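Q: Sequences are here, hints too, so could you generate the full structure?
If you read the sequences in order, they're chains A and B. Going by the numbering used here, the residue at position 119 of the first sequence is 119; the numbering climbs one at a time, nothing skipped. Going by the numbering used here, the residue at position 29 of the second sequence is 29; the numbering climbs one at a time, nothing skipped.
Note that these hints are calculated values from the structure, not bench results. Please read all numbers here as calculations on a predicted model, not as lab measurements. Glycine residues also receive a C-beta, built at the ideal position from the N, C-alpha and C atoms. Everything hinted at is true.
Cβ-Cβ distance ranges computed for the label pairs, FRET-style: (1) B:Q67 / A:N83: 51 to 59 Å; (2) A:R24 / B:I128: 47 to 55 Å; (3) A:T359 / B:V213: 23 to 31 Å.
With the C-beta cut set under 8 Å, the calculated list includes, among others, these residues of chain B facing chain A: (4) R118; (5) C144; (6) P160; (7) A180; (8) A239; (9) L243.
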Amino acid sequence: MAPLVFGAVRGDEVSPDPDEGLARRLKALACTAPLHDLDARKAKLDWADATVYQMAEIALHTIDQVTIAMDFDTGADHEQVVNRLLPFIAAQAPGRGIAEHTRVARWVLDNLINVGTTDRGFRRVYGSVGPDGTYRRRAFDFKLLVELAAPSGEVYLRATDEAINVLVGALDTDVESAQIAAEVKLENLISRGRLADAKLAAEQARYRTVQYGETLRAKLDATRRDVRSVDWEREVPELLDSALAHIESRFRAETAILKNITAARDEAEDPDHKRRAAELVEIVAECIRRHTQLQSRLQAAGAVFRAEQDRQQFSGPPQRAAIDLFGQLLTPALELPLADAVAPTRAFFHAATGITVPTVPSLPSLVSLLLRPAPEREQVVGEIPEPELMPADETDSYTNEQWRQADHLLDLPEVPRRLSGLLAEARDTDPGLARLVALRALHAYGPEVGGAVRQGERHVLLAFDDGTPLDDAEFGGADLLLTTAVLDTGAGGTDTDAEEVA
Amino acid sequence: MSTTHSSADAEAAARLISFGMRPKLLPGRDVVYGELVRRYAEDSAFKKLTNAVAAGLGLMVLEVSAQAGAVLAATDESIFEIKMDSYARQSKIRERRDTEKVLHGLIHLATAALGYPRPDDLANDTYIGRVSVEQVDGVVREACRILDERAASAEHNSDPLADAPELEQAWRAYARRPAAAATKDGRLASDTTRGMVARALRFLAEQGFLVPVSAEQGGTYRTTPRYQVQVRELAADAAFDELLSLGVVSVADGAGTLRATSSDTL
Chain A
1 MAPLVFGAVR GDEVSPDPDE GLARRLKALA CTAPLHDLDA RKAKLDWADA TVYQMAEIAL
61 HTIDQVTIAM DFDTGADHEQ VVNRLLPFIA AQAPGRGIAE HTRVARWVLD NLINVGTTDR
121 GFRRVYGSVG PDGTYRRRAF DFKLLVELAA PSGEVYLRAT DEAINVLVGA LDTDVESAQI
181 AAEVKLENLI SRGRLADAKL AAEQARYRTV QYGETLRAKL DATRRDVRSV DWEREVPELL
241 DSALAHIESR FRAETAILKN ITAARDEAED PDHKRRAAEL VEIVAECIRR HTQLQSRLQA
301 AGAVFRAEQD RQQFSGPPQR AAIDLFGQLL TPALELPLAD AVAPTRAFFH AATGITVPTV
361 PSLPSLVSLL LRPAPEREQV VGEIPEPELM PADETDSYTN EQWRQADHLL DLPEVPRRLS
421 GLLAEARDTD PGLARLVALR ALHAYGPEVG GAVRQGERHV LLAFDDGTPL DDAEFGGADL
481 LLTTAVLDTG AGGTDTDAEE VA
Chain B
1 MSTTHSSADA EAAARLISFG MRPKLLPGRD VVYGELVRRY AEDSAFKKLT NAVAAGLGLM
61 VLEVSAQAGA VLAATDESIF EIKMDSYARQ SKIRERRDTE KVLHGLIHLA TAALGYPRPD
121 DLANDTYIGR VSVEQVDGVV REACRILDER AASAEHNSDP LADAPELEQA WRAYARRPAA
181 AATKDGRLAS DTTRGMVARA LRFLAEQGFL VPVSAEQGGT YRTTPRYQVQ VRELAADAAF
241 DELLSLGVVS VADGAGTLRA TSSDTL
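A: Laid out in structure tokens, this is it:
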């Protein structure tokens, strides 16, 4: 009995909702679709034979490059990414020119952004079973690379969470627990002497400190603007507490590390080992300096609050009741379905944009407007050359009658015939006809059977070269064997092929 | 009590309204305008006459004050009304027009919300707000992010239905639209949210509701008393009434709900 109960409980914990897991996997799968799509479409590019390029590889590399270039403020711009991609692309097709490599890079980049759609993203439809048991189709919107505007106005690229997940796998880890993991890792690394990794872990700890500092700065700035906009009753004390706890634990950890590493540095024999230990000492010292900085700001935070409270309590009470635009209008409007949101947003727009004064031209000015000569174009763009138009060349080299005769000659349903015989027969009818027959025979060599099927043709002319040279006064080449094959459109293929004709 | 108006009174009333139609003209800069504004405040017969002339034209007088001048609003179907259809007409045909309109409306709403973050700011006649393209886009995106987090933590799956795009929530449409996109000539694409915000702010500046301050953060503007009157006396109520009729009611205290937010990204 007991093991059964235990098993049931355990089963529930592992998969609380199989449907949710399915949706999550479908979404993960959808994120890879744009990459597969690149390889599927590369053969259709008309500006280059792009089949030699491994587009999915290039795409992953692109996401790599963008991710690497992402720092706190900005990422890479388009040009930088393309330039960094070039060596990788060139390695795939060394024979091709740099212009083509650049074009491939741009094509992959544009497709990862999905340039050309308004939203510049991807959408996948997946199904889910709702609580009432009905199957609903839902849309999953995602992006791989996004363009953002830097303060300077330039547009730069960042990889989205989806892209990073596609790239690296599961990054779905809690920052807090990653922090603890990093600490444990650090101690292990030190004890095993793997200093390069230790350096990375120490740097990660520093990011957390910087983040606390940044959050605190934002809160204090808001407090200076308006004390009431920041929750000093619960939120900020909690922030201060957790920041202090973080500093305390880091101080303890890093002082211990510093002591160990300094000892390691002084005792190390290997110069490379010694140098890396020295680097780590610097980083850890920098971390401690940052922690100290954060701690002094934490201590001053309370004073800022009290000073601002004193200063701001003299500002007058509200004069009249007004609407909270953000909480009472913007947020509810954002939550509405699009169809419902039209009315409130339109009402606000009409009322908040003021009035427009319609421009009504008076009759005298309308008349003079209409009578005004058209502006001289020469003054704007310079002289426009008058194009000399020539009558178009006659494009029909052969008359309808000649085409009909050629059709008749080349209708060979039963027995294949030699080109030489057909040419002789054509010359007997009309000397000009021979050329048309020869051209059509040449065209029939390697016919596009698939194209003929798509266009719904019933017959297709086939030509085959069995090695016999053509002995003719006007034309040279092979004496082709010609026949008419019937297309079996029902089965989507042909019932005769070139081998049978031969 | 019946008052008789002379034709000179009618002319003065109409002149005050015509001053109100030039949004960048301020009573402090024009002696005649200033005199009419003063007369409107002191002479109740003149005030009634002005309001009546405005009503006949299809206008509403929202406020006449020395700071804001004569602030007018168009009544429904008035020739002075600015149509959303003509404002949003640049949208491509294949796009759902409603989405485009809602996005433009949300941007105007967010501009006002950022200009007057607290209800007190909207009520306080001396308050001057500052808005910038970057901030307006940031405020909406932050609100979208919070709604997204709320949706992600909800019990049921709230991803939009593929066969009913009009039921998709507005914040998803906004969040999906890119903030910026490079065009071939290096300008900001106009169908991105930042492009739309920049257009809204330029438009409001032309209407005398904002004054450009600097080009920082994609364009920084300060609000004018005129905008405050417009939002407070008319726009906020109009939108609120629509929300009430949809059954979306929320009650707030005087502190407002726009908060400084922290970034969770490392």
